[in-house]
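K.L.:
For reference, the chains in residue letters:
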Amino acid sequence: MTGSATNEANTESPAIQADDTSIADPAAPRSGWRHVSRLTTILVMVGTLIVWQIVSDLHVFPPIALPSPIMVWAAFTRLLLAGYGGHSLVGDIWISSVRIGIGFAGAVVIGVPVGLVMARINLIFRIIDPFLQFVRPVPPLAYIPLLVVWFGIGELPKILLILIGTIPVIIIGTMSGVKATPPLRISVAKTLGATERQIFRHVILPSALPEIFTAMRVGIGVAWTCLVAAELIAASEGLGWLVQYAGQALQVAIVIVGIIIIGILGYAMELLIRLVERWAVPWHGRG
Amino acid sequence: MPIVIDHVSKDFGAFHALDDVSLTIEDGTFVTILGSSGCGKSTLLNMIAGLSSPTRGRLMLDGIKVTKPGPDRVVVFQQPGLYPWLSLRDNIAFGLRMQSAARGIDWRRVDELIEIIGLRGFEQHRPYELSGGMQQRVAIARALVMAPRVLLMDEPFGALDAQTRHTMQQFLLDLWDRIKATVVFITHDIDEAILLADRLVVMSARPGQIALETTVPLMRPRHWDMSLEPGFLDLKRQAMDILSA
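Those sequence lines, one after another, are chains L and H. Following our numbering, the numbering of the first sequence begins with 103 at its first residue and continues without gaps. Following our numbering, the numbering of the second sequence begins with 348 at its first residue and continues without gaps.
If you're looking for bench data, these hints aren't it; they were derived computationally from the structure. Among these hints, one or two may not hold up.
[As the list claims (entries may be wrong)] Partial list, derived from the structure: chain L residues whose beta carbon lies under 7 Å from chain H:
id	residue
1	Gly295
2	Pro308
3	Arg388
The beta-carbon is built from N, C-alpha and C at its ideal position, and this holds for glycine as well.
Just chain L, same shape as in the assembly (with noise of 0.2 Å):
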C-alpha cells in the first residue's frame, strides 16, 4: 500500500481501491425464520376457524347469535350472487372504496402541504394548530350529527367526515417528518452552497417522507373507522350500512361477511400503501 497513484494522473491505484466493498444483505440469514413464522400464522388462523365450527356446532350459544363458519361462508356467496336488502356487494364494496379514496386522497393532498409549510413557518403553525389541537381528540362520530344537518345524507357528508377524521394524522406526521430531518443533512447541504429553499426541496423533503408514509399507513384505519362510522348512521349504501341493516334483521352471518370484508380491504389498503412506500422509500430504515 504504498502512494503508487502519485504519478499516474488517471490510472487506477491500488492503494485506494476499494478493498472493503462487503454489501450488507439484512434480509439474507432470517429467511429460514420467515418460512417458521408464516407457517404458524397459517396454523392459528386454521385454528381458529376449526374451534369457532366446532362450538357454533355445540349449540352453546343459538346458531342466529353464532352462525358456523360454513354458514358465514353460505351467506358470502349467496350475498355475491343476489345481494341484500336492494345492493349488490360488490355495489356496497364500490361505494365504499371511492368514499375511501376520495377522503384519504383529499387529506393526504391538503394535509402534507399544510404539515410542510406549518413545520416551516412559525406564523401559519400558530394558525393551525389551535384549530388541529381541537379537532383531533373530538371523536368523529361526534360530527355526524352536524354534517347531516349541514350537508344530509349525500356522498360529501361522509367523505368530509373521513377528510377532517384523517387530516389531523397526515399534518402531524408530515411536520414531525420534517423535523426529524438529521441536522447533519443541512449542515452538509449548507456547506455545499445550498440555499434554504433548496434544502428544504432536496434535503428536507425527501427526509420526511418516510414519516409522511407511516401517517398514510395509520391515517388509512383512522379513513375506515370514519367511514363505517358514517355509513353506520346516514347511508343507505355501502359496507358500513350492509353491517347495521343486517344486524337490524338479525342476519348475523351477513353482518360477520361485512366485518369480515371490511377488516381485510382495510388492511389490503394498508398493503398498497406499504407497496407505494418501498417503492418511493426504499432506504426506509437503513439511511
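Fit chain H to the known structure of chain L by using the hints.
P.N.:
Frame of chain L; chain H shown alone:
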C-alpha cells in the same frame, strides 16, 4: 494567504470554548488541528466553515470576512451524511446541482472523482449499500468536486474501525499528493495528526487555546512506517505532553 484567524474567541453562555486563537493557514498546506474532546477544535472548524460565528475576533478568507457557509469551504464531517435517496453518482454531484441547472453539471469531473476514490462500478449504488469506509470516500469526493479553496475535515475517520481508518489515512495521503489542496483536518488522534500534516497545531482545553504550532519534519510521499522515525516520535512526545497536561 487564504485563511487568517485573527484573535478569535467563542463563548457558549458562560463557557469559553475558544480563547484568543490566531492562526494563518497558507495555500496548499495540509494543516491538522489536534486536541482532546472539548478543546474547541470543532468549534474553530465550524467558524471557518461559516456554520457559526466568533464571539470576538474575525476570520478572513482571501481578505474577505467569513459570514456564512459556502462551497469554497466544504466540510467533510465525522459521519458521511450522504443522501439515501440519491445514487452514489448523484450524491457526489449534489453540490454542483445546487450551483447550476442539471444540464450544467460537469459529469466528467464527477466520474473522474469516482475513479480517484476507487468506486467505479458503484455509481448507481445507494449509500446504504456501501460500507462505512466507502461512504466516507464518497463524502470526500462530494466535497472535492466543488474544487473548494479549502477542504475542512472534522474527524472524518473517527467513526471508522481501526483497520478502515488506517486504509483511509493512506487513501487521503495519496489523494493529497495528487491534488495538493488546502486542507484543515481536525482530529484527536496524535498519530493521524502528525502523519497527515504539513503544519501541526496542538490545542489545549478549557479554554481552547493553541499550545503548539509547528512544521512536521517528514518527507512526502508519506507512509505509515514513518511513524517510527525520530522526528515523528519527538513531535508525538511533545503533543502528548500538551494533551495530558
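K.L.:
So, for every hint listed, does it hold in this structure?
P.N.:
Quick rundown of the hints versus the structure:
no., hint, verdict
1, Gly295, "holds, 3 Å"
2, Pro308, "holds, 5 Å"
3, Arg388, "holds, 4 Å"
Of the numbered hints listed earlier, not one is contradicted by the structure.
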